[in-house]
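If you want the building blocks of each chain, they are given just below.
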Amino acid sequence: MINFNRFQLENGLRVIVHQDQSTPLVAMNILCQVGARDEEPNRTGFAHLFEHLMFGGSANIPSYDTPLEKAGGENNAFTNSDITNYYLTIPKENLETAFWLESDRMLNLAFTDKSLEVQRQVVIEEFKQSYLNQPYGDVWLLLKPLAYKTHPYQWNTIGKDVSHIEEASMKEVKAFYQRFYNPNNAIMVLAGNINLEEAKEYCEKWFANIPAGDKVQRNLPKEKEQKEARVLKVERDVPNDALYIAFHMCERMSDAYQVTDLLSDILSNGPSSRLFRTLVKERALFAELDAYITGDIDEGLFIFSGKPAEGVTLEQAEQAIWEEIEKVKDELIGEEELEKVKNKLESSMIFGEVSFLNKAMSLAYYENISNAEDINEEVKKYRKISAQQLQAMAKNIFTKENSSTLFYKARKEQS
Amino acid sequence: MILDRKLQPSLKPIGDIQIPAIQKTKLDNGIPLTYMNVGSQELVKFQVAIPAGIVYQSQSLLAFFTNKMLKEGSQNHTASEIAQKMDYYGAFFETRITRDYAYFNLFCLNKYLNNILPLVADMLVAPLFSNKEFSVLKEQEKQSFQVRMKKGKNLALKAFNTALFGADHVYGSAANLSSYDALHIDELKDFHQRFYQANSWKIYLSGNVSDEIIGIINHYFGKIEVKGEPNKKPLIELNEVLGKEQIWVEQKGAMQTAIKMGCLSLDKKHEDYAALNLAQTIFGGFFGSRLMQNIREDKGYTYGIHSGIQHLQQASIFAISSEVGKDVASKAHAEILVELKRLRTELVAEEEIELVKNYMTGSLLRSLNGPFALGEMMRNLAEFDLPENYYTILTKKIQEVKAEQIINAADKYLHEDHMITVMSGSELV
Chain A
1 MINFNRFQLE
11 NGLRVIVHQD
21 QSTPLVAMNI
31 LCQVGARDEE
41 PNRTGFAHLF
51 EHLMFGGSAN
61 IPSYDTPLEK
71 AGGENNAFTN
81 SDITNYYLTI
91 PKENLETAFW
101 LESDRMLNLA
111 FTDKSLEVQR
121 QVVIEEFKQS
131 YLNQPYGDVW
141 LLLKPLAYKT
151 HPYQWNTIGK
161 DVSHIEEASM
171 KEVKAFYQRF
181 YNPNNAIMVL
191 AGNINLEEAK
201 EYCEKWFANI
211 PAGDKVQRNL
221 PKEKEQKEAR
231 VLKVERDVPN
241 DALYIAFHMC
251 ERMSDAYQVT
261 DLLSDILSNG
271 PSSRLFRTLV
281 KERALFAELD
291 AYITGDIDEG
301 LFIFSGKPAE
311 GVTLEQAEQA
321 IWEEIEKVKD
331 ELIGEEELEK
341 VKNKLESSMI
351 FGEVSFLNKA
361 MSLAYYENIS
371 NAEDINEEVK
381 KYRKISAQQL
391 QAMAKNIFTK
401 ENSSTLFYKA
411 RKEQS
Chain B
1 MILDRKLQPS
11 LKPIGDIQIP
21 AIQKTKLDNG
31 IPLTYMNVGS
41 QELVKFQVAI
51 PAGIVYQSQS
61 LLAFFTNKML
71 KEGSQNHTAS
81 EIAQKMDYYG
91 AFFETRITRD
101 YAYFNLFCLN
111 KYLNNILPLV
121 ADMLVAPLFS
131 NKEFSVLKEQ
141 EKQSFQVRMK
151 KGKNLALKAF
161 NTALFGADHV
171 YGSAANLSSY
181 DALHIDELKD
191 FHQRFYQANS
201 WKIYLSGNVS
211 DEIIGIINHY
221 FGKIEVKGEP
231 NKKPLIELNE
241 VLGKEQIWVE
251 QKGAMQTAIK
261 MGCLSLDKKH
271 EDYAALNLAQ
281 TIFGGFFGSR
291 LMQNIREDKG
301 YTYGIHSGIQ
311 HLQQASIFAI
321 SSEVGKDVAS
331 KAHAEILVEL
341 KRLRTELVAE
351 EEIELVKNYM
361 TGSLLRSLNG
371 PFALGEMMRN
381 LAEFDLPENY
391 YTILTKKIQE
401 VKAEQIINAA
411 DKYLHEDHMI
421 TVMSGSELV
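Each protein sequence line maps, in turn, to chains A and B. Using this note's numbering, the first residue of the first sequence is number 1, and each one after it goes up by one. Using this note's numbering, the first residue of the second sequence is number 1, and each one after it goes up by one.
I should point out that these hints are in silico values taken from the structure, not numbers from a laboratory. Any given hint might turn out to be false.
Said to hold, decoys possible - In silico EDC-like cross-links for lysine to aspartate or glutamate, where the CA-CA straight-line distance does not exceed 16 Å:
id, chain 1, residue 1, chain 2, residue 2
1, B, Lys-357, B, Asp-16
2, B, Lys-151, A, Asp-237
3, B, Lys-132, A, Glu-282
4, B, Lys-142, A, Glu-310
5, A, Lys-342, A, Glu-378
Claimed, not checked - These stretches of chain B come out as covered by chain A in the derived footprint (C-beta under 8 Å, 3 or more residues):
id, stretch
6, 141-148
7, 165-172
8, 316-325
To be verified - To give a feel for the contact side, a few chain B residues facing chain A, derived at Cβ under 8 Å:
id, residue
9, Gln-84
10, Leu-109
11, Arg-296
If you're wondering where the values come from, they're calculated on a predicted model, not measured in any experiment. We put the beta carbon where it would ideally sit given N, CA and C, even for glycine.
Throw the hints in and build the complete structure from the sequences for me.
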């Protein structure tokens with residue numbers, strides 16, 4: 001159970017405050033409601049590139065990092081398909097510096113050419129380091145466009161292609177900022193050694209006079225129902241073959257979401273999960289095997305990803321996964337197994353409440369998808385799920401027509 | 001009132017580092033238990049540390065697999081039962097090997113300790129070492145090893161350690177693909193028999209710790225038979241400081257070049273450690289460091305570059321790491337050299353020193369926060385034989401370091417003429 005208070009400024013900024021006096025620090029998390037799904041198809045990777053530019057100085061403060069470090073603080077950020085999330089932690093004594101810095105970059109950025117040119121290069125190096133120059137690094141670049149044909153989830157946060165990042169212009173950068181970086185399109189969470197009065201006082205002082213922007217209108221194309229199995233085969237210079245199967249699943253706010261998530265836990269969460277016990281340990285068909293959901297706001301994916309053991313072909317591996325899928329479709333999951341995944345989920349939620357920064361991020365996450373109060377309702381939703389619901393879900397999503405399979409073959413070395 | 005947005009709100013001194021008291025006791029059989037009551041949730045982190053790391057092994061991968069096989073079943077519980085129970089009670093467990101220690105870590109809700117601890121004790125005292133499970137595990141680990149060896153940064157690290165310590169040295173040796181097949185289950189059994197005796201164990205507990213919890217631990221771990229002599233640290237000799245050395249490791253098709261550069265460094269008790277720590281943080285120890293500002297934020301050669309000091313029981317290593325675009329690898333390397341030289345020849349401005357000192361205090365507060373981090377800290381202090389107030393003293397010492405001391409420390413301990421440089425990529429441009 002996480003207790004918190006909330007208030008909203010006139011410009012629309014929502015603020016959530018969770019007091020945890022066991023730490024001498026405060027976390028400030030600012031979730032901006034913009035992600036890769038909001039990008040134009042010819043400017044993919046833009047939301048993430050923009051995240052980098054947010055550290056290039058603002059109208060009144062030439063450097064973001066230096067004053068924060070001087071105050072003993074530290075920060076970072078991440079971008080995904082749905083959101084861009086900025087977070088920092090700072091000793092409570094110097095909390096006001098966080099308000100000063102964050103409000104100025106929400107008010108106006110510096111937009112220097114130098115910052116754009118350098119961060120463009122940094123992001124290209126990140127593209128190489130994380131995707132192109134890594135064994136299996138391009139898997140997501142292949143799998144997402146295989147599974148999605150119309151929805152923007154077809155591209156990755158880093159972008160479809162390096163050229164999109166190379167071509168981004170200052171004009172586009174400014175327009176993006178105008179459209180999305182406004183107080184009414186953001187959620188602030190303060191967690192740690194802070195009380196509600198302090199939070200209100202600083203928010204009023206630093207954020208209240210930032211003008212609201214136009215409400216963001218989103219008309220994202222809905223992914224059409226997939227009607228036939230899709231298969232992609234590639235060869236790469238990697239040590240071992242790998243296999244990926246993606247199925248379409250519901251959106252985050254559907255009642256079916258928790259059922260789908262729990263189904264992935266049955267299959268693959270923890271050392272006693274079915275795929276690990278059966279296919280990795282007992283039958284030793286896989287060196288690694290996971291099943292998980294992407295958890296996106298719009299319709300997401302349920303993914304199986306594995307590396308077959310030495311001597312096992314991709315076709316055998318694929319068949320073995322389907323055998324496990326058929327099992328979960330045919331036979332009702334037993335009481336104890338169901339109880340186990342629910343217990344584990346509840347325990348994970350409790351462990352997640354140990355860190356004040358983690359709590360700040362979680363509160364912002366829930367406020368973004370629905371409202372922060374839901375964080376304390378989540379376990380109950382999972383507790384209610386029946387074995388019948390899990391079976392029905394498996395039957396519903398695990399069909400060949402709904403599958404996109406990527407055979408990632410290791411190129412045999414010529415020696 | 002008009003708000004002056006150009007002016008940073010006044011900074012206040014950051015409060016003293018408050019660490020809850022570290023407490024020590026012994027279980028009935030003499031196993032030392034170090035604990036800390038911290039945090040608001042009813043849960044604990046439970047660590048068993050055994051000096052049975054890589055330096056104790058006679059054969060490559062022996063320590064690693066002995067540790068890893070603890071999860072694969074015990075005399076009284078199959079691997080599947082263990083997994084089933086751990087998951088059912090929502091507990092998380094991990095085995096971990098370092099060059100000096102073998103660890104078993106458990107994260108558990110207090111209300112389930114009675115269900116989980118007997119399992120853990122059995123896994124440590126009486127692992128099964130099933131040949132079948134071992135073969136499966138070995139094949140899996142072989143695959144993940146092959147993937148790791150496709151990454152430039154790992155190739156560079158391997159070559160760096162070998163160059164720093166020597167290929168036959170316990171700190172410098174590394175596994176090859178053939179090491180996996182050379183290992184047999186009987187060797188694991190012997191290693192366990194020899195180095196996992198309970199008289200070498202130390203237990204660390206952090207979280208919501210009450211007398212009742214200690215009683216539960218004593219119940220399951222206080223009756224384990226303790227006999228013989230504790231493991232003796234092998235004596236490790238280090239090379240004399242080497243001259244400048246450059247190593248190139250080819251990796252076909254790489255789009256980036258991995259750089260690893262460094263030298264042997266100071267242990268935490270050395271009188272110059274505070275000054276060196278400050279110097280290296282200024283140089284490459286955080287986002288605002290000189291390396292990051294120059295090589296990432298000014299030139300865009302890399303996604304990240306950093307430096308740090310790693311402490312082993314009998315050696316400390318200073319290292320710089322980065323992956324840079326292959327076309328700019330030589331330029332990036334040249335800039336690292338420029339920054340090293342600058343650090344040992346030019347006085348650091350007071351403002352920069354103050355910034356880094358504050359950053360380091362904040363960083364320490366962050367790293368000593370919450371039951372999990374404090375559990376690590378407690379164990380670290382014990383393993384390096386440091387006083388309980390070590391971090392308070394270190395912070396104070398760092399605050400007192402002057403610009404001249406930084407130059408001196410850099411000149412003495414961060415001199416590019418004594419560093420090994422490894423670069424791994426497709427071609428050196």
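These are the hints, each one checked on the structure:
1. B:Lys-357 x B:Asp-16: Judged against 16 Å, a Cα distance of about 14 Å means the pair holds.
2. B:Lys-151 x A:Asp-237: Roughly 12 Å separates the two Cα atoms, so the pair holds.
3. B:Lys-132 x A:Glu-282: At roughly 10 Å apart (the allowed maximum being 16 Å), Glu-282 (chain A) and Lys-132 (chain B) satisfy the hint.
4. B:Lys-142 x A:Glu-310: holds, 10 Å
5. A:Lys-342 x A:Glu-378: Given pair Lys-342 (chain A), Glu-378 (chain A) holds - Cα atoms ~11 Å apart, limit 16 Å.
6. 141-148: This one holds; 5 residues, not fewer than the three required, reach chain A with a Cβ under 8 Å.
7. 165-172: With 0 residues closer than 8 Å to chain A, the stretch 165-172 of chain B misses the three-residue bar; violated.
8. 316-325: holds (count 3)
9. Gln-84: holds, 4 Å
10. Leu-109: holds, 6 Å
11. Arg-296: holds, 6 Å
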